[in-house]
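2 protein chains.
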Amino acid sequence: MNDRNVAEVDLHNLQVSDPLIGQCQQLVREVAIPYQWEVLNDRNPEVIPSHAVENFRLAAGRARGEFHGTVFQDSDVAKWLEAAAWSLCQAPNPELEKAVDELVELIAAAQSGDGYLNTYFILNAPQERWTNLTECHELYCAGHLIEAGVAFFQGTGKRRLLEVVCRLADHLCTVFGPECDQLHGYDGHPEIELALARLYEATKEQRYLTLANYFVEQRGTEPHFYDIEYEKRQQSCVPKSDAAPWMVKNKAYSQAQLPLSEQRTATGHAVRFVYLMTAVAHLARLRQNEQQRQTCLRLWQNMVQRQIYITGAIGSQGAGEAFSSDYDLPNDTAYAESCASIGLMMFARRMLEMELDGRYADVMERALYNTVLGSIAFDGRHYFYVNPLEVHPKTLRSNGIYNHVSPVRRRWFGCACCPPNIARLFTSIGHYIYTPSTDALYVNLYVGNRVAISVDGHALRLLISGSYPWRDQVEIAVESAPPIAHTLALRLPEWCSAPQASVNGKPVNCEPRKGYLHIRRTWRQGDRVKLSLPMQVRRVYGHPQLRNLAGKVAIQRGPLIYCLEEADNGTELHNLWLNADSRFSLIEGTGLFSGKILLEAGGTRLQHTHYEEAALYHYDKVPGQLEPQQLTFIPLFSWANRGEGEMRIWVNER
Amino acid sequence: MNDRNVAEVDLHNLQVSDPLIGQCQQLVREVAIPYQWEVLNDRNPEVIPSHAVENFRLAAGRARGEFHGTVFQDSDVAKWLEAAAWSLCQAPNPELEKAVDELVELIAAAQSGDGYLNTYFILNAPQERWTNLTECHELYCAGHLIEAGVAFFQGTGKRRLLEVVCRLADHLCTVFGPECDQLHGYDGHPEIELALARLYEATKEQRYLTLANYFVEQRGTEPHFYDIEYEKRQQSCVPKSDAAPWMVKNKAYSQAQLPLSEQRTATGHAVRFVYLMTAVAHLARLRQNEQQRQTCLRLWQNMVQRQIYITGAIGSQGAGEAFSSDYDLPNDTAYAESCASIGLMMFARRMLEMELDGRYADVMERALYNTVLGSIAFDGRHYFYVNPLEVHPKTLRSNGIYNHVSPVRRRWFGCACCPPNIARLFTSIGHYIYTPSTDALYVNLYVGNRVAISVDGHALRLLISGSYPWRDQVEIAVESAPPIAHTLALRLPEWCSAPQASVNGKPVNCEPRKGYLHIRRTWRQGDRVKLSLPMQVRRVYGHPQLRNLAGKVAIQRGPLIYCLEEADNGTELHNLWLNADSRFSLIEGTGLFSGKILLEAGGTRLQHTHYEEAALYHYDKVPGQLEPQQLTFIPLFSWANRGEGEMRIWVNER
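Residue numbers (my numbering), protein chains in the order written: chain A, 11 to 664; chain B, 11 to 664.
Just chain A, with the same shape it has in the complex (with noise of 0.2 Å):
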């Protein structure tokens, strides 16, 4: 057990000046927060309307009518409020501010005077507060209101819905607890076990912590809670049905078919998963609990080991929104929420806080440039929910295997996780680049950025820049006028064979440690730390379990996947080979792509010609013939963005 303190970087302190991750989260900060806050205000035709705002103003007594949309359409205005809070603090903007401001004022003002709040159960059915758990989300929206409160407070410094969330969240540590009068239940979608941790670190109150680590712990044991409230529900409503429903059954699909310190795989639906799992290794730390680290260390080996997509994308299946089982990963039938990545980020942070290892921010660095990145298109008002590594539009509408894909991003959802998710993921960025502890910071991530560490009281002020991760070279320049003496510990990524180091020009010759390069020095104005990661273009296999690539191969340059679009490569892209000995060109993108390094390769086509008459089986040899055709290659996170098209990673080689 690792006992470095460690903190969170102040996002009033660093601000994000990078060519992709900070034009993405400019994007989100001048187009997507009012996008959504429109359409969470159904002031958008084009967007089935959400309801998700006026659902609170009913419930405030402030307009008349019914609740509209899924049992947790709270949640989505509490994260888009945190998305708000986190882009206030780091960019200031009045308009926003004030819209903010009377959100707070409202969600104050539907609190109920026990400090219950969830608009569903107050307007649909207050005599049913808590008797389904199991299914209503009701402490996963509560989880959702409290990070919002932390993040309004930490973000704008203002009180307000931190006193809301905390009245929340006192009226929970009454309900429930191992005491008789308390029920001895936890949500069926956690939440709120990483929610009450946060808001423990920003208060410092014991009993919110307690509270996290009751739900953790009372997960899966016997007798269970699940069927001891169904039972409850049953015998309070006429007529019983014959069997539980299936959430109630499928104990996994909740991660609570047994303690967690049981479990052996990852399991059951993917942002459940993570979401508990950034909770419990939260806990871990915070109560240097060996039991809860070692089954973070247990769970997340098998996740990264077993099942997760190259694309830092985890949940190779629809039905569940789940993970399969070991070396299932289909391409083309994947899940991939855009939430389990985001999920999986905040998961590795905090294993990254726990264990201070390069590997998890190495996971966190290939979900953030890949499938979140990718989750939001260009003009910041389209996102994918779903992300595949193969995509083939025309057959999507044809076969059922693939009734939750979509070949182009979304407007918006009827389950409207992802959209607000990728919003406070963008713009609370920063949290995820550092981690400071007391023995060094930590530099995870290489997004440019500029920034002012507390070290013993002294700013220690840091320059980040250097175009990553299009270019090989990152430059740390030290911008704080009083010498301080500390270590910079600068990770180097998996993905590169070979970085190097170097200070004020000399070559820095010390053994990295768990993925991280230690350089302690007393630090002044003008230092200039030089990192140079070469990013090879690298082709990528599979393990020889993974079924689907077999006889193909990924292309990684930095932590960016590649893939083959339509636009760009044609249609068929499985009848393109790469040659296994082309060499890659890096191309400077132009238009849409300008800012961004395009590759290129010899490759060859099965060039055919399509005749309406065509047999579909041929004896003796392929129908076609093999013929030279140069191929391009795009980072994944860019596509779909020139309409409709076939895309494919995983790329025949010979």
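Source of the hints: derived by calculation from the structure; they are not laboratory data.
Be a bit skeptical, because a hint or two may be false.
As the list claims (entries may be wrong) - Rough simulated footprint, nothing fancy, chain B against chain A, three-plus residues with beta-carbon under 8 Å:
1) 309–320
2) 631–644
To be verified - Every beta carbon over 10 Å from chain A, so not counted as near; a handful from chain B, in silico:
3) Gln-164
4) Gln-228
5) Ile-318
6) Ala-329
Claimed, not checked - Straight-line distance between alpha carbons at most 25 Å, and here's what the computed DSS-like set of lysine-lysine pairs gives:
7) B/Lys-404 x A/Lys-562
8) A/Lys-168 x A/Lys-214
9) B/Lys-259 x A/Lys-404
10) A/Lys-631 x B/Lys-562
11) A/Lys-540 x A/Lys-524
12) B/Lys-631 x B/Lys-562
13) B/Lys-214 x B/Lys-242
14) B/Lys-214 x B/Lys-168
15) A/Lys-108 x A/Lys-168
16) A/Lys-562 x A/Lys-631
17) B/Lys-562 x B/Lys-404
18) B/Lys-404 x A/Lys-259
19) B/Lys-259 x A/Lys-562
20) B/Lys-516 x B/Lys-540
21) A/Lys-562 x A/Lys-404
22) B/Lys-562 x A/Lys-404
23) A/Lys-562 x B/Lys-562
24) A/Lys-540 x A/Lys-516
25) B/Lys-540 x B/Lys-524
26) A/Lys-242 x A/Lys-259
27) A/Lys-606 x A/Lys-540
Heads up, the beta-carbon is just placed ideally off N, CA and C, and yes, glycines get one too.
Could you slot chain B onto chain A? The hints should help.
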């Protein structure tokens, strides 16, 4: 339009004596039929109760209790009865005959006074007869009873069941038709159409053909019957439901989205499609209807040029047990229902009778020797419902895209359409072997058999022998005494590149027409036709638009598709490559494979050491070494007779 009259072989005059199809027919006769009878009577404690016979007992007033099973449970009994009838005419069996006679009496006793006969509605909803043709299979069940009645008459000479089904059909003629007081509808699941066409051929009662034609021509016309019927139902039931049920909405699921003359592609539930088209082809010939013929040609063409598996399977998705779209033929998630390939044989037979073109027999043979033959286990008591071309048992239970796949044949099914369908197909296989026409006797399949065909009142007796499809040589010996002038039209299979024929040692040099070699002569006792069909092992490649087959090859010898099975080749079949230049050795099978020919060829395996900590992705090189491995291919139909294991037809090649 072909105006040659074709007939059906009288199965009394045909004895199958064949080491493969004949052995399977014997297995059906001696094992499957008695086994299925036990199951249908709920006397097999290892199988979920069928209740199908009991439902008839209840409807006949001979027992008390409730209906159980699907709404189409009656059809299981009808198909079994048809199988038994054909079996009795070729192999007398007093015990079976007694059981069948009793069953026929039971069915007769269950019939309502007006001729109506359906145990579900008689027992459960007598007032709701004919109110939900879209979903309730009422005419489908009637169709199977009619087929049974025809078969029982033709197979045993007994008129008892024929009379029952004629009363039923007469009842239908009053209920359905163009008059104001008749229902202008048709069944959601086609079957009645093909049954009425058969009943017409057995009875020559024109009204049955007229009604079959009415059902076919009415299908898909506007105003749409499904909507009219749904409206009517809704008016009589409170509360009305908001949305029409999916079978009403998704009219293409049951090929009712348009009149057939306007349909362009094979669409929807695959079994429904082929049952419907079997009737249309039959009607087109009997009614000399050019528009129906064009419909058949067009839809057949779409199916075989875009939507059929190499195994003669159709219906590439589990959702709706349905066709997908052109060139979408995934291997592992295929539905490929056994009943669909049986229905395809029926459709192909009617096409062949209409066009006398060998390409229909080619498809019939492909379905028979691969999917259909493989749908029954060597023990006769286990059946495949779903027949994918690639199975990885370890993954099936964990990923929802495989929900419909079983890695082994099963004893029975909740929806048990396949087992008795398999039984009736093999007992009536003689109908597919020959197409007797006025101008020639078309020999479609080289199943060994002895037959007597009536030619101008004389019996032309033939014996076909030769261990097809294992050996190249087929011999047709004339066994009838009086000289008979007639044409033998011998099918030259599409898979054979160099067929040769001789009569009494003299080569036949005439040009084949439409896939048949026409040999006209006066046949005398002792005449011997020798047909040589060299069976090189053929490598087969997919149309370049079949994106799951890129870089892969299938192996075929004669009509048999071969596959790799784990029992011979080890696990991870995706890590095996067949060498592009390797030669095949023919191996005589032993034990379970006695009498069968296996194939061996040189290949390579990506060999890797499995260790727990291995990374999921590897840079720069494939993790493992290619090592030579001899690959063993077995005929597809024989797989999964040695327990659970991987199987794959399309193999990597390089």
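Hints versus structure:
1. 309–320: holds (count 5)
2. 631–644: holds (count 4)
3. Gln-164: Consistent with the label, B/Gln-164 stays out of reach of chain A, its closest Cβ about 36 Å off (over 10 Å).
4. Gln-228: At roughly 27 Å from the nearest Cβ of chain A, B/Gln-228 sits farther out than 10 Å, so the non-interface label holds.
5. Ile-318: 6 Å, violated
6. Ala-329: 2 Å, violated
7. B/Lys-404 x A/Lys-562: 22 Å, holds
8. A/Lys-168 x A/Lys-214: Roughly 17 Å separates the two Cα atoms, so the pair holds.
9. B/Lys-259 x A/Lys-404: With Cα atoms ~22 Å apart, B/Lys-259 and A/Lys-404 stay inside 25 Å; holds.
10. A/Lys-631 x B/Lys-562: 11 Å, holds
11. A/Lys-540 x A/Lys-524: Given that 25 Å is the threshold and the Cα spacing comes to 20 Å, the pair holds.
12. B/Lys-631 x B/Lys-562: Holds, at roughly 22 Å.
13. B/Lys-214 x B/Lys-242: 36 Å, violated
14. B/Lys-214 x B/Lys-168: 17 Å, holds
15. A/Lys-108 x A/Lys-168: 13 Å, holds
16. A/Lys-562 x A/Lys-631: With a Cα-Cα distance of about 22 Å, the restraint between A/Lys-562 and A/Lys-631 holds, given a limit of 25 Å.
17. B/Lys-562 x B/Lys-404: Since the Cα atoms of B/Lys-562 and B/Lys-404 sit roughly 23 Å apart, the hinted pair holds (cutoff 25 Å).
18. B/Lys-404 x A/Lys-259: 22 Å, holds
19. B/Lys-259 x A/Lys-562: 41 Å, violated
20. B/Lys-516 x B/Lys-540: Judged against 25 Å, a Cα distance of about 9 Å means the pair holds.
21. A/Lys-562 x A/Lys-404: With Cα atoms ~23 Å apart, A/Lys-562 and A/Lys-404 stay inside 25 Å; holds.
22. B/Lys-562 x A/Lys-404: 22 Å, holds
23. A/Lys-562 x B/Lys-562: Answer holds: A/Lys-562 to B/Lys-562 is near 13 Å, not above 25 Å.
24. A/Lys-540 x A/Lys-516: Between A/Lys-540 and A/Lys-516 the Cα gap is close to 9 Å, so the pair holds against 25 Å.
25. B/Lys-540 x B/Lys-524: 20 Å, holds
26. A/Lys-242 x A/Lys-259: Distance of about 16 Å is within 25 Å: holds.
27. A/Lys-606 x A/Lys-540: Holds - the C-alpha atoms of A/Lys-540 and A/Lys-606 are around 22 Å apart, at most 25 Å.
Figure legend: structure checked against the earlier numbered hints; hints not met, in rising order: 5, 6, 13 and 19.
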